[in-house]
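Each chain is listed here by its residues.
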Amino acid sequence: MLFITDPLTDPLQFDFMRRAFAAVIVVGLVAGFLGTYVVVRGIAFISDAIAHAVFPGVVIAYLLGRGVFVGAAVFGLLTAFGLGAITQTRRVREDAAIGVLFAGAFALGIVLLSSHQGYTGDLAAFLFGQVLAVSREDILLAMGVGGGIVLVALLLRRQLVAVAFDREMAQAMGLPVFWLDLLLYTMVAMAIVISLRAVGNILVVAMLITPAATARLLTDRLVPMMATSALLGMAAGIIGLYVSYHADLAAGGMIVLVVTGFFLLAWLFAPRQGVLVRWIRGA
Amino acid sequence: METTPLIEFSHVSVRYGERPALEDVTLRVEPGRYVGVIGPNGSGKSTLLRALLGTTALAAGEVRIGGRTPEQARGAFAYVPQHHTEVRDFPLTVGDVVMMARLRGMAPWRRIGRRDREIVAWALERVGMADRREALIGELSGGQQQRVFIARALAQEGRVLLLDEPLTGVDAGTMELVLALLAELHGEGRTILITTHDLNTTADTCDTLLLLNTRVIAYGPMAETFTPALLEATFGRHVHIGEGGPHAEVTENVIHH
Numbered sequence: 001m002l003f004i005t006d007p008l009t010d011p012l013q014f015d016f017m018r019r020a021f022a023a024v025i026v027v028g029l030v031a032g033f034l035g036t037y038v039v040v041r042g043i044a045f046i047s048d049a050i051a052h053a054v055f056p057g058v059v060i061a062y063l064l065g066r067g068v069f070v071g072a073a074v075f076g077l078l079t080a081f082g083l084g085a086i087t088q089t090r091r092v093r094e095d096a097a098i099g100v101l102f103a104g105a106f107a108l109g110i111v112l113l114s115s116h117q118g119y120t121g122d123l124a125a126f127l128f129g130q131v132l133a134v135s136r137e138d139i140l141l142a143m144g145v146g147g148g149i150v151l152v153a154l155l156l157r158r159q160l161v162a163v164a165f166d167r168e169m170a171q172a173m174g175l176p177v178f179w180l181d182l183l184l185y186t187m188v189a190m191a192i193v194i195s196l197r198a199v200g201n202i203l204v205v206a207m208l209i210t211p212a213a214t215a216r217l218l219t220d221r222l223v224p225m226m227a228t229s230a231l232l233g234m235a236a237g238i239i240g241l242y243v244s245y246h247a248d249l250a251a252g253g254m255i256v257l258v259v260t261g262f263f264l265l266a267w268l269f270a271p272r273q274g275v276l277v278r279w280i281r282g283a
Numbered sequence: 001m002e003t004t005p006l007i008e009f010s011h012v013s014v015r016y017g018e019r020p021a022l023e024d025v026t027l028r029v030e031p032g033r034y035v036g037v038i039g040p041n042g043s044g045k046s047t048l049l050r051a052l053l054g055t056t057a058l059a060a061g062e063v064r065i066g067g068r069t070p071e072q073a074r075g076a077f078a079y080v081p082q083h084h085t086e087v088r089d090f091p092l093t094v095g096d097v098v099m100m101a102r103l104r105g106m107a108p109w110r111r112i113g114r115r116d117r118e119i120v121a122w123a124l125e126r127v128g129m130a131d132r133r134e135a136l137i138g139e140l141s142g143g144q145q146q147r148v149f150i151a152r153a154l155a156q157e158g159r160v161l162l163l164d165e166p167l168t169g170v171d172a173g174t175m176e177l178v179l180a181l182l183a184e185l186h187g188e189g190r191t192i193l194i195t196t197h198d199l200n201t202t203a204d205t206c207d208t209l210l211l212l213n214t215r216v217i218a219y220g221p222m223a224e225t226f227t228p229a230l231l232e233a234t235f236g237r238h239v240h241i242g243e244g245g246p247h248a249e250v251t252e253n254v255i256h257h
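Chains A and B supply the protein sequences, listed in that same order.
The first sequence maps to residues 1 to 283 in our numbering.
The second sequence maps to residues 1 to 257 in our numbering.
Simulated from the structure, these hints should not be mistaken for lab results.
Where is the CB? At the ideal position from N, CA and C, for every residue including glycine.
Be careful, since some hints might not be right.
Have a look at the derived ranges for each label pair, beta carbon to beta carbon [to be verified]: (1) A:74 <-> B:82: 36 to 44 Å; (2) A:157 <-> B:197: 33 to 41 Å; (3) B:207 <-> A:147: 37 to 45 Å; (4) A:103 <-> B:18: 29 to 37 Å.
So, partial list: chain A residues that the calculated Cβ filter (under 10 Å) puts toward chain B [what the hints assert, rightly or not]: (5) 103; (6) 106; (7) 143; (8) 216; (9) 219; (10) 221; (11) 222; (12) 260.
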């Protein structure tokens, strides 16, 4: 018998691949969209910190045999609240405090996990993702939480952007600056939690920052930036997954590599801000 | 039109940690005054404005605006915060930035209305930036950005203007335009509080002076407060006032050993 295999449809014959595609599309869209706020607000570092702090929550829930999502969500919310309090006091050394705390949290997660047998395999799955093991429930949860994030972030777009642009003025106008910060951190924490399965704890920040930073190079307007970033996130997920399937390489890493590739291309060739374009124009 | 409210500080103290920022400040600003607030760096000028806006906690005393608390009186203000650096990279247009002033008390689901657009257009017109409405904020020079921030304050429609160092680092054209605009707004009955380092400009434009160095050193009509002795008490060094009184040449940096 003769099989004609199509590289595009071939992977889709498997249930686990169809689920994986659904997962990376949802994650790419939500993280890409929310990433616009992360980038304009300049909280890439804080997002990284949240990703680390969520880790012990994931491990504890896993060891207790509970839903990993719940554990991560609880730690994510606690972290968001703690960060809201720390950044509110505006101490000079807050970045150092955040760095210390969250490296510590990450270490706690590793130590806890090492108490479990077969620890290296679990660790790899948590750190680098395991998108081929995504369940139907995982996807539905990601869709629900992700939909909520997109809705809230769109509804409060002006308020969130005002705080990002000029905190002092936002405060003077009576905007609830503390609560808006907390809300943003919470949404970042939730976006990280639903992305963990797909790309893992270490690389999850790339899904938040890289598409948005790329979109920023391609457009000067906020709403187009959100749309572009979400599209780039989804595209990276899909392309990364295909490459990973055909070349038999790690999916999470490949997705992040693809989105990093997008960034480098935009950095070089973006119509207005690209390095090469400006160099040619200047020459 | 809403009337311009009376501003009252009674025994107001503010501390940042251990450090006192304002100490026992008591003063009344009658409606329609044009007050220059001067004092050395760290003398509490910005804190004074924040106490009015209700964005800093008071350690003691109270602030009233037309008898109301700062939180109740938010609509009374038009505020230009101090901008330490120019905006370089932010995906917002000039129109977007001015429109932010309309967010006060706006429910998230409410859309921008025709009246909001008209006020933004009017505010940009008054600072001479109507034709730059679609420009990106980061493309503008420091002086142009400052005009946009003043337009944003105007779009708040407050009767009390609070300007924190609005003339620092702006070009001569912007300085002239801003001062003319402030004179007009003052002429329309608004109260203005402006913090500045520039003694010359203050003497030429304001009718009232507040000399501040954590405590109130002096407060009153320009003719009574703009004196070498009081300026020296404020800045802790001799300030030379040229012949012809306060409206003549002033040099701040003459130090007598």
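So, going through the hints one by one against the coordinates:
For residue 74 of chain A and residue 82 of chain B, the hinted distance range of 36 to 44 Å is satisfied, since their beta carbons lie about 40 Å from each other. About 37 Å separates the C-beta atoms of residue 157 of chain A and residue 197 of chain B, a value consistent with the hinted range of 33 to 41 Å. Our hint of 37 to 45 Å for residue 207 of chain B and residue 147 of chain A is violated, since their Cβ atoms are close to 58 Å apart. In this structure the hint that residue 103 of chain A and residue 18 of chain B lie 29 to 37 Å apart at CB holds, the actual value being about 31 Å.
Because the beta carbon of residue 103 of chain A sits about 27 Å from the nearest beta carbon in chain B, more than 10 Å, this interface hint is broken. At a threshold of 10 Å, the smallest CB-CB gap from residue 106 of chain A to chain B is about 31 Å, leaving the interface hint violated. Because the smallest distance between the Cβ of residue 143 of chain A and any Cβ of chain B comes to about 23 Å, over 10 Å, the interface hint for this residue is violated. Taken as an interface hint, residue 216 of chain A checks out: its beta carbon lies about 7 Å from the nearest beta carbon of chain B, inside 10 Å.
For the restraint placing residue 219 of chain A at the interface with chain B, the shortest Cβ-Cβ distance is roughly 7 Å, inside the 10 Å limit, so the hint holds. The interface hint given for residue 221 of chain A is met, as the beta carbon of that residue sits about 6 Å from the closest beta carbon of chain B, less than 10 Å. Against a cut-off of 10 Å between C-beta atoms, the interface hint on residue 222 of chain A holds, since the closest Cβ of chain B lies about 5 Å away. Restraint check, residue 260 of chain A versus chain B: the minimum CB separation of about 21 Å is more than 10 Å; hint violated.
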